[in-house]
Each structure stands twice: as C-alpha cells, then as structure tokens.
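These two chains come separately, so use the hints to put the complex back together.
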Amino acid sequence: MQNLFNYIARKSPIHELTGATKLVCLILWTFATMMTYDTRILIALPIIAFILFGISKIRLSDVKFMLGFTLVFMVLNNILVFLFSPEHGVGLYGTCHQLLPLWGGKYLTAEQLWYHLNLVLKYMSSIPIILLFVCTTQPSEFAASLNKIGVKYSIAYSVSLALRYIPDIQKEYSEISKAQQARGVEMSKKVSLVKRLKAASSILIPMIIMSMDRIETISNAMELRGFGKNKKRTWYMARPFTAKDILSMVFCGLLLVLSIWSNVSRGTRFWSPWM
Amino acid sequence: MKNSAVKSIVAIGIGAALFFVCGRFIAIPCPIPNVTINIQYGVLAFLAAAFGPIVGLLAGLIGHALIDFSWGWGVWWSWVFATAIFGLIVGAFKKLYDVDKGEFGMKQIVRFNVTQLIAHIIAWGIVAPALDILMYAEPASKVFLQGLVAGASNIVTTAIVGTILCIAYAAAKPKKGSLKEEQ
Numbered sequence: 001m002q003n004l005f006n007y008i009a010r011k012s013p014i015h016e017l018t019g020a021t022k023l024v025c026l027i028l029w030t031f032a033t034m035m036t037y038d039t040r041i042l043i044a045l046p047i048i049a050f051i052l053f054g055i056s057k058i059r060l061s062d063v064k065f066m067l068g069f070t071l072v073f074m075v076l077n078n079i080l081v082f083l084f085s086p087e088h089g090v091g092l093y094g095t096c097h098q099l100l101p102l103w104g105g106k107y108l109t110a111e112q113l114w115y116h117l118n119l120v121l122k123y124m125s126s127i128p129i130i131l132l133f134v135c136t137t138q139p140s141e142f143a144a145s146l147n148k149i150g151v152k153y154s155i156a157y158s159v160s161l162a163l164r165y166i167p168d169i170q171k172e173y174s175e176i177s178k179a180q181q182a183r184g185v186e187m188s189k190k191v192s193l194v195k196r197l198k199a200a201s202s203i204l205i206p207m208i209i210m211s212m213d214r215i216e217t218i219s220n221a222m223e224l225r226g227f228g229k230n231k232k233r234t235w236y237m238a239r240p241f242t243a244k245d246i247l248s249m250v251f252c253g254l255l256l257v258l259s260i261w262s263n264v265s266r267g268t269r270f271w272s273p274w275m
Numbered sequence: 276m277k278n279s280a281v282k283s284i285v286a287i288g289i290g291a292a293l294f295f296v297c298g299r300f301i302a303i304p305c306p307i308p309n310v311t312i313n314i315q316y317g318v319l320a321f322l323a324a325a326f327g328p329i330v331g332l333l334a335g336l337i338g339h340a341l342i343d344f345s346w347g348w349g350v351w352w353s354w355v356f357a358t359a360i361f362g363l364i365v366g367a368f369k370k371l372y373d374v375d376k377g378e379f380g381m382k383q384i385v386r387f388n389v390t391q392l393i394a395h396i397i398a399w400g401i402v403a404p405a406l407d408i409l410m411y412a413e414p415a416s417k418v419f420l421q422g423l424v425a426g427a428s429n430i431v432t433t434a435i436v437g438t439i440l441c442i443a444y445a446a447a448k449p450k451k452g453s454l455k456e457e458q
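Taken in order, these protein sequences are the chains called A and B. Going left to right, the first sequence walks through residues 1 to 275 as my numbering numbers them. Going left to right, the second sequence walks through residues 276 to 458 as my numbering numbers them.
Warning: the hint list may mix true and false statements.
[To be verified] Derived pair list, reagent style DSS-like, types lysine-lysine, alpha-carbon separation capped at 30 Å:
{"#": "1", "chain 1": "A", "residue 1": "K152", "chain 2": "B", "residue 2": "K370"}
{"#": "2", "chain 1": "A", "residue 1": "K198", "chain 2": "B", "residue 2": "K448"}
{"#": "3", "chain 1": "A", "residue 1": "K244", "chain 2": "A", "residue 2": "K152"}
{"#": "4", "chain 1": "A", "residue 1": "K122", "chain 2": "A", "residue 2": "K11"}
{"#": "5", "chain 1": "A", "residue 1": "K198", "chain 2": "B", "residue 2": "K382"}
{"#": "6", "chain 1": "B", "residue 1": "K382", "chain 2": "A", "residue 2": "K195"}
{"#": "7", "chain 1": "A", "residue 1": "K152", "chain 2": "B", "residue 2": "K282"}
{"#": "8", "chain 1": "B", "residue 1": "K417", "chain 2": "A", "residue 2": "K106"}
{"#": "9", "chain 1": "B", "residue 1": "K376", "chain 2": "B", "residue 2": "K455"}
{"#": "10", "chain 1": "A", "residue 1": "K231", "chain 2": "B", "residue 2": "K282"}
{"#": "11", "chain 1": "A", "residue 1": "K198", "chain 2": "B", "residue 2": "K369"}
{"#": "12", "chain 1": "B", "residue 1": "K370", "chain 2": "A", "residue 2": "K198"}
{"#": "13", "chain 1": "A", "residue 1": "K152", "chain 2": "B", "residue 2": "K369"}
{"#": "14", "chain 1": "B", "residue 1": "K369", "chain 2": "A", "residue 2": "K229"}
{"#": "15", "chain 1": "B", "residue 1": "K448", "chain 2": "A", "residue 2": "K171"}
{"#": "16", "chain 1": "A", "residue 1": "K122", "chain 2": "A", "residue 2": "K244"}
{"#": "17", "chain 1": "A", "residue 1": "K122", "chain 2": "B", "residue 2": "K417"}
{"#": "18", "chain 1": "A", "residue 1": "K198", "chain 2": "A", "residue 2": "K178"}
{"#": "19", "chain 1": "A", "residue 1": "K195", "chain 2": "B", "residue 2": "K369"}
{"#": "20", "chain 1": "B", "residue 1": "K448", "chain 2": "B", "residue 2": "K369"}
{"#": "21", "chain 1": "A", "residue 1": "K195", "chain 2": "B", "residue 2": "K448"}
[Said to hold, decoys possible] Beta-carbon label-pair distances, calculated as ranges:
{"#": "22", "chain 1": "A", "residue 1": "K195", "chain 2": "B", "residue 2": "I401", "range": "29 to 35 Å"}
{"#": "23", "chain 1": "B", "residue 1": "Y411", "chain 2": "A", "residue 2": "G105", "range": "23 to 29 Å"}
{"#": "24", "chain 1": "B", "residue 1": "S453", "chain 2": "A", "residue 2": "K195", "range": "32 to 38 Å"}
{"#": "25", "chain 1": "B", "residue 1": "A280", "chain 2": "A", "residue 2": "A243", "range": "37 to 43 Å"}
{"#": "26", "chain 1": "B", "residue 1": "I393", "chain 2": "A", "residue 2": "A221", "range": "34 to 40 Å"}
{"#": "27", "chain 1": "B", "residue 1": "K448", "chain 2": "A", "residue 2": "I8", "range": "43 to 49 Å"}
{"#": "28", "chain 1": "A", "residue 1": "P240", "chain 2": "B", "residue 2": "K382", "range": "53 to 59 Å"}
FYI, nobody ran anything at the bench for these hints, they're computed from the structure. The structure displayed is predicted, hence computed values, not measured ones. Every residue gets a Cβ at the ideal spot worked out from N, C-alpha and C, and that includes glycine.
Okay, chain B solo, but in the shape it has when bound (with noise of 0.2 Å):
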C-alpha cells in the first residue's frame, strides 16, 4: 500500500469525525421540519476538494450514518447515500481546483462553487427524494420540498463555509516555485 492510500484512510477517518462533530454541535435550526442549517457540507467540500472523491464519498457516508445513529432515530439511508454523492462528485473534480498547489483565487472559486452547486442539485435534488420514494413510499411532494429546502440551504453554507476554508488552507501551503535557489 502507498504512503497515499494510508493517508487517504486517516482522511476519512478524521473527516468523518470532523463532519460529525460539525453536524451533530454546529446545527442551526430552520422552519421545515427534520432540516437543519448544516455547515457541514463546506468541511465536505472542503475536504473532497483537498484528498479527492474516495475520501469525500466515504467521509460524508460515515460521518452522516454516525450522526443519524447518535440521534437513535436510525439511519435515514436515502440522504446518507445523498450525501456521500456529493462528496464524490466534489471530489471527482478535484484537479479543477487543486487547493494542495497553494492557490485559490477567483478562477478557482469560481470552479469550486460551480461544482458544489451542480453537486448538491444532484444529491438533493435527485438522489434524496428518489431514494425516499422508493425506500419509504412517501409522498413525492414532500420529499422534493423536503430536498429543495435542504439543497438551497446546503448550497449556500458550501458556497461560503467551503469556500473560505479552501482560501485559508491554500493560503498556509507553501506556492509552487516560492522558493528559489540562492543566485
């Protein structure tokens, strides 16, 4: 096993733990019922954009099923799958955005958050109230209220937890070519 793929499993690790602690202390509450403000999503974001889509598919997996075993309600599977298709989606397009290269300036915001926004459509829009109709057999209505309010709110704490965080690693990574030899 390369030294990458140790690194990758403490990322999930940890990243899971941090979405958890995240989602579980940090929630504000909004009017739609079984819907919190998460910023959760921006560490997601955050870190798929920094290891890739393997560690944002399986953090965002383990940290959402931690989260909905610790409340005992048991696991809602339809948005943790959600969930964990965000950060894969995220994650897949990491290239776009390397944050690991130091640099994170409007160019790249703007990618980051094209990505995140087209993601979360996917994951709320689509994938969550799918699932829910055809694991739980509700109303399609309500699930599609239920994953657009949870989706726009999603997309905007992404936009600015995500992205200022992105700003802030790349900014204590050393730039590409800042060092130079002596002449």
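Extracted from the complex, chain A is given alone in its bound form (with noise of 0.2 Å):
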C-alpha cells in the first residue's frame, strides 16, 4: 500500500528531534513565513530550508512526487492571481512601473512581477520545511506531540485514531469498490456526474454502516480500559527534550520574531525597492 505520510526512516540529526520540537519548528517556521512579504527575509528562508533538507538525509528523489505536485499547484495559482488581478502588486506596493501594455487598458508592471516573485519564494521558504516534517516524523509521534504541545488529550487521541484507521478504512473502501463494480456499478468517466455521484454512494454505504459499527467497538473498548478516567496520561511515543530540541525552538521562534519585527518597524508587511 502507498505510504501516504511518507515517513522515512533515516539517521539524521532533523530524525532525532523529538515530534513535538518539529511541530512547533513547523507552527512558528510557517507562521515566519505567512506573516511577511518582506523579499530579504523571504531569500534567506528557502536557503536556510534548503540546508536543513540537505542535514535530514531526505534525498531530493524520495520527494519527487510530492514536490512536482506542490509545484504545478504553485504555478496553477500564480496564474490564477494573475488573470484575475493583473495589477494586484500595484495596490500593495503604491507605485506604478508600467512595462509592458495588456489587454483592457491593463499594464504588465513591475511591482506585479515584484508580487508573483514573493509568491514563489513564500512557496519556497515553506515547502521545504512541510516535506521535511512529513518525512521525518513518524506518524504516531506526531499525535503524542500535539498533546505536549498543548492540544487536550482526547483530541490528540482523536488524531491518533484517524491515522490509525485511514489504512483500514482505505482497504475497506477497495474491497467494496470492487465488489460493486463486479455487480455492474459504474464510477468512470462514461457516466453523467449525478450517476457517478449515486454510485459512489453505494459505496459509501456499506462503509457507513461498517464505521458506524466500528465506532461502537472501539468506544466500548476504550470505555472498559478506562479511557478518559484521568486528566492527564502518557504516550508511548514521546521522548524527553533534549538540549538540540530547544536550540531549534528557539531558532524558530527569532524567524517569527524577525518576520513580526520587520513588519512592525516599517509599518507595513510589504516590501519593494520603489518603496
């Protein structure tokens, strides 16, 4: 079956990180990221990230997939932004470098390109780090680690339940898919989209009703072990902080910090060489 987390077990010094250190380098590191359109910042995001990628050990081919996806989906909403706002930059930015004329009195302008280029570098500056957690946080940690960093228990359970499940519920919905199929159910393209939208349905039934039973299972399972008794409890999965865990916390955090300042001390989160 497809490894869908794409969790990849190597030694490195970004593996031996605890789960809940790469969540909280992953909140602020993206939060850095989301908060400016400040372009120095923005170049030396991707570059720090690209040297990360480089110590994990995470070969650029283990991510092919993920990553050409990412980038047609990177391009697909540039191009989008662009038609339907050719002169977007020019609002953000406040100055006019007209280039090159487009269509309905439109101009191709600097500040535009300035603005897609900010665009592609935030893409940059947070892809890089969103592989690097997939790949190298096992799943099950992942769900120990919301709870340290805060989330409450039973959600954090609740996440653990999902992951441990959508392989079943996957292999459930093969097996009923081509059960159906063999009684004549058709799903592809040759079909109108209601029909299409009937018949996954009647595959969606047999794994409703199976859920629903499946729920009742594991709730009185975990209700005879007691589940929920105690405020707090313990993961298997989790791990002490160490010195290295720490350091990265607080690398992150003066990302954010430098994000926030940069746009607090000039006022604005934007960033030109007209301005």
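Here it is, written out as structure tokens:
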C-alpha cells in the first residue's frame, strides 16, 4: 500500500529531534513565512530550508512526487492570481512602473512581477520545511507531540485514531468498490456526474454502516479500559526534550520574531525596492 | 467522562479517517485549478447530523488538515477552517433532522438540505475567501470565484451523497416504537 505520510526512516540530526519539537518548529516557521512579504527575509528562509533539507538526508528523489505536485499547484495559483488581477501588485506596493500594455487598458507592471516573485519565494520557504516534517516525523509520534504542545489529549487521541484507521478504511473502500463494480456499478467518466455520485454513494453506504459499527466497538473497548478517567495520560512514543530540541525551537522562534519585527518596524507587511 | 464523550472522540477519529479516504481517493477533477469535486462533504454532513457539532467541527478540521498534509503543499488553513465551520453548522442543527431516531422522511430531507446549503454558503462564500485575503493577501475576485465553484459543487455533492447516506443509515436503525409488548 502507498505510504501516505511518507515517513522515511534515516539516521540524521533532524530525525533525532522529538516530534513535539518538529511540530513547534513547523508552526513557528510557517507563521514566520505567512506573516511577512519582506523579500529579504523570504530569500533567506528558502536558503536555510534547503540547508536543513541537506542535513536531514532526505533526498530530492524521495519527495519527487510530492514536490512535483506542489510545484503544479504553485504555478496554477500564480497564473490564476495574474489573470484575475494583473495589477494587484500596484495596489499592494503603492507604486506603478508600467512595462508592457496588456488587455483592457491594463499594464504589466514591475510591481506585479515583484508580487509574483514574493509568492513563489513564500512557497519555496514553506514547502521544504513541510516536506521535511512529513518525511522525518513518525505518524504515531505526531499524535503524542500534539498533546505535548497543549492540545487536549482527547483530541490528540482522535488524531491518533484517524491515523491508525486510515489504512483500514482505505482497504475497506477498495474491497467494497471492487465488489460493487463486479455488480455493474459504474464510476468512470463514461456516465454523467449525478450517476457517478450515486455510484459513489452505493460504495459509501456499506462503508458508513461498517464505520458506525467500528465506532461502537472501539468506544466500548476504550470505555472498558477506563479511557478518560484521568486528567492526563502518558504516550508510548513521547520522548523528553534535549538541548538540541530547545535550540531548534529557539531558532525558529527567533525567525518568527524577526518576521514580525520587520513588519512592525516598517509599518507594513510588504517590501519592494521602490518603496 | 461519560460514555458519549468517549464515543465522540472515536467518532472524530474515524470520521476524520473517512473524510480523508473519501477526499484523497475519490476525487473527481473539475475545470477550475486547485478545486476538485469532493464527496467527502456528504460524509461530513452525515457525521455531523449523526453525532453533533463538535464531531462535525473536529472531524472536518483533522480530516482536511491530513489531506493537505498528505499532498505535501502544507495546510491551507483558510479552507481547513471553512470545512470545520461547515461541520459545526450542520451539527449544530442536529435536532432538526435526527437521523438517530431512525426516521428520515421528506420533512427531514428538506431541513437537512436547507441547513447544508446555508452552511456551505457561509463556509465557502464568507469564511474561506475572507481568510484567504487576510492570511495570504490574494486578490478578492480570484478567491471568491474559487470559493463559489467549490461551494456550488459541494452543495450538489452534499445534497446527493449526504441525503442518500442519511436515508440509508436511518433505514438501518430500528424505528422508535417499532417494538410492542405482547398482548
């Protein structure tokens, strides 16, 4: 079966960090990239991200598929932004340098190209870190780390249950789907959309009924074992923090502070050479 | 913790897993980029109707976040929150179309569909585009079109898939008062 969450077990300093550290770093990092449009920071972040990628011993060939997918997403998003508002950058940066005439009296502006460069840089700074997180964190450790950063343990346990049962439900889906296809249920492009949706429902009904039974069984089993009796619980996959963990979190925290400070000190999220 | 609390936790987990599998493997492509016709909203609407607002909110949140994660593009939070809001709203009016009681006739079908229609409009017409503009500084016309297309297709799929699931589940449940004491 396809390995969905793409955990790749290797020996590297990044793998050795605890799941909670990586989750905190991921959150801090994505917020740092999300907050700012300061191009100077957005150039530095991808460079650091690629260095970290090198340290993690995850090779580009390992994440080829995911990376390709994300790049297509990025390009489409850029094209869509451009088509819908070719002068969006002018509004954001407040200056206007016309380069080429476009349709409907609009112009291709240097600001628009600058805005697109920033969008691409934003993707470049967050994608490697997300891939790094997905590839170096074991799914079961992920649930434990959610609890560690303050998410209620019942919710962390729900995430853990979801991760545990995704492969089971996936298998169930393919079995039911084959059984229904053998009975002549058509889901391909040959039939109309409404028919396809109805066909999908005929697979979903047995799946839902089985899942409802499963919910009953699991909750009874948990009940019998006294789940939720205490305010806290321990996790098999949880590990204590080391100096390396604290150092990484401080580093990512500083990045976020830098990103916020750059916004606050200049009074705007945006930065361009013309400002 | 009462029995229902443990059951909700399990329902959130299994619901998120169902949402994930449906969203990841049964996606039907459509012409607008980054948007697929998704049947998982029918499943989420059903789960919210059966288990209530908290399960709807969290199953949607976890399920959608996991889908985004598994694609590797990072979590597009604005849309994840929109999904969660949709689950919350449908679940909040659970009493109007109690599928648990084993009855899902014309009256309940209409109530269920009106609620899901309004919930989708709020989620994709207001929450998702507003958060997109706020968090990602994208042009308004683009995010509203994306929201419109996603919302419209989700309304259709929820109307078909969600209604069929509710009818099937209610039919499998014993009706209230279906057992009589022997004379």
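Structure-based check of all given hints:
1. K152/A to K370/B: At roughly 27 Å apart (the allowed maximum being 30 Å), K370/B and K152/A satisfy the hint.
2. K198/A to K448/B: This hinted pair holds, its Cα atoms lying about 22 Å apart.
3. K244/A to K152/A: holds, 26 Å
4. K122/A to K11/A: Holds, at roughly 29 Å.
5. K198/A to K382/B: holds, 21 Å
6. K382/B to K195/A: holds, 25 Å
7. K152/A to K282/B: holds, 16 Å
8. K417/B to K106/A: The hint holds at about 17 Å.
9. K376/B to K455/B: Holds, at roughly 17 Å.
10. K231/A to K282/B: Judged against 30 Å, a Cα distance of about 17 Å means the pair holds.
11. K198/A to K369/B: holds, 24 Å
12. K370/B to K198/A: holds, 26 Å
13. K152/A to K369/B: holds, 25 Å
14. K369/B to K229/A: holds, 28 Å
15. K448/B to K171/A: holds, 26 Å
16. K122/A to K244/A: OK: K122/A and K244/A at ~27 Å, within 30 Å.
17. K122/A to K417/B: holds, 19 Å
18. K198/A to K178/A: holds, 16 Å
19. K195/A to K369/B: holds, 28 Å
20. K448/B to K369/B: holds, 16 Å
21. K195/A to K448/B: holds, 26 Å
22. K195/A to I401/B: 29 to 35 Å: Since K195/A and I401/B have Cβ atoms about 32 Å apart, the given range 29 to 35 Å holds.
23. Y411/B to G105/A: 23 to 29 Å: With Cβ atoms ~27 Å apart, the hint holds.
24. S453/B to K195/A: 32 to 38 Å: holds, 34 Å
25. A280/B to A243/A: 37 to 43 Å: holds, 39 Å
26. I393/B to A221/A: 34 to 40 Å: Holds, at about 38 Å.
27. K448/B to I8/A: 43 to 49 Å: With a Cβ separation near 45 Å, K448/B and I8/A satisfy 43 to 49 Å, so the hint holds.
28. P240/A to K382/B: 53 to 59 Å: holds, 57 Å
Violated hints are absent here; each numbered hint is respected by the structure.
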